[in-house]
Amino acid sequence: MEVDKGKGEAEETRKVAEADRDTVTLKSSDGKLFEVSKEAAARLSTVLAGMIAGGSIDDNGTDLKQIGSEALENVVDYCNKHANSIPSAALISSSISFNTAPFKEPEEWERKFVDRLSHDALFDLVEAANFLGMERLLDVTCHKISEMMKGKSPDQIREVFNIKNDYTKEELEEIRQELAWAFYDD
Amino acid sequence: MSDRWDRLPADIFLEILRRLPPSPRQRLRLVCRHWRSVIDDRTPATQARAMVLAFVNDGRGGRRAHVLDDLTKHGAGRGRELKLPRGAGEQGVSMVGTCNGLLCLRRWRGDFVVVNPVTGEKLAVPPPSMSPEVSMGTTTAAYSLVYHPATWEYKIMHVSCFGAVKVFTLGVGHGGRCRCPSSGIATSRRTRLCLASVGGVAYWVAADFHSVMSLDLKDERVVFVAKLPVRVGLVDLSWHLTTDLHGRLIFVICSNELKRGKTLKRTKMWMLDDGRRNKTRPEWVLRCKLVESEQELPHGIAWPHVTHGEHILTTRQMGWMYRVSLHACLLSKARKKRGRVVRVEGSPSIAMYDNCYSLRTFAYVETTEPLALYGGNDCNISNSEGWDWRFDDGEHDLRITPTYPLIKWYCFDPDVRWWKKKVDAVTHRSSLANLSIPPFLPPTVFYHHHSSKAPTSLFSLLLELLCPPAVLLAMLECRAPLHHGAANASLQTSSPRGRNSSPMVAPGVAPPVPYGWLRRRTAVPPSPPRPPN
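Same order as they appear, the protein sequences are chains A and B.
Sequential numbering of the first sequence, starting at 1, is according to this note's numbering.
Sequential numbering of the second sequence, starting at 1001, is according to this note's numbering.
No lab work stands behind these hints, which were simulated from the structure alone.
Relax, there's no trap hidden among the hints.
So the derived list for chain B, only partly shown, Cβ under 7 Å to chain A, looks like this:
id : residue
1  : ILE1012
2  : GLU1015
3  : ARG1019
4  : LEU1020
5  : VAL1031
6  : CYS1032
7  : ARG1033
8  : THR1151
9  : TRP1152
Note that CB positions come from ideal geometry on N, CA and C, so glycine has one too.
Based on the provided sequences and hints, a complete structural model is requested.
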């Protein structure tokens, strides 16, 4: 699969896209163009699959106004890596209902893929994955964020995610009281 | 970053929260208002309302789990049945415990399966390795599924009757290796008594009948907690150590009492006030007394989950029909000087089970926490039908190599409330002659540990009989290096009986890890050679 990332090669990629109908060109909110294989896009993203099936794909770059270039770059990167690493049959069978489907452990490369991202990039990617309806990518990123919360106290979580504590002391004490009966048993 | 969380769609936030166990999720409400509102409004298990789970053995090879949502609803129903995955509801399966909505079941071969009934996921966990005699004598009561809140890990803990504690962490660590707690650990659990665990701490009654010991997963140290409130004698019918929903330790004792020429069954429930608030020593408080009418059939208590909020769970067996009913008796409002009184007479049943050979109760809460997170390190998650656990070399792995028993003598020091080590002796068979053995320790102890042929029942009987009360405890701790290699092999051959007594150690084959956790065939890497030191 031919991979061309945007960033200054926009013109070139568009030409490639026109010549080769196997790819889809995506346009980020700041106007950068990215190219991803049609097959991978349709397989991984329900939104893109719908667009391809409905013929609303623009050859000059499908506008994705919600997604910044950095996040889109990660999305495209993920699609390409995914296409290279997993046989498609395994994926098609795994598309079960979102809420009850047993969660699948991220694979080694997926772990590495999200580990290198900064917090901001990770959250951008989550939003992009949500917007594009990419369940697997959402799984991987949500897993990463829940791992970041693991074993941390509320104070540490606030520090890690830079969240402001908007409780008063009394309120905190009150919630702690409620938590005193929090469920524990063997 | 703060606004990032506000911008994050609630569905995504839920997806993240869904991956967390219910009790840490509760603690996340402390982070900020926005988080609290999402958790309160959107997560289903947030109510954290514990329910009662009845685990029924129907005597025909089936095991069923029923959930009772409402204890005030009386009737002869059975409650909502939980669907147990294949392999978890079969013959020989017994329940180790529940923790955060996950059920831990032990199968007849000694391996475990951890089940989340909501998602239908299951996780196969290998059994610990031990000699066949020990493993046959080991009951499910010796195990506990413990949740460690600081690391968010689940651990299966095993406290044997012979003085060793094994901890297996789900999904973390290296190949299910046992993390043997600090060298000070040497304590035996009283047989037939359950391990109780709460908030990352496991409690048990030591072999002296009288001391409650605990192992905190935080520092992996065995400490003395308190003496039992009453002396347990042979006349007592049954006694249980358990925990309640608030995480307090509960001790229940049923005994016969002579009153006005009649023998009455009395049940008393004690609660351990850990004294954390007043910074005093923990002490037992008599919580309630069960009063039964003389005419009715005698009640038994439901265990290990005896107390559920303001209710006490009792069971009653109807004659020979194997029909068991479950009752929830309300604690009386009136607080008497010596604990509250629970009147069980006339309390209607909340559930009734036919063909019930045994009924055990547990606390249960619904969770969507994915079990797949704990796959790996020999824990096997798969939905294939033939997931039966395969042992290396068949039964051989169920034996431990009696290579290097270390005998320690501990004597309880009341000043420091800790077991003080007296003697530390390495016993080779050849060096046994040099070791002075107190006369009350049966020679079978050594026999057992060297040839693994002594009958467990006799052995445990002797150990029970010969354990002097509270003053001196002879404890055996079989400590063997975790990785075998050249050093260990030479040790074996140097011992004159070693070669004969361990037939499973063939030359060139790495012996199984003693007192560790079993490994799967596919997962066994070649054991690293041990550098000679």
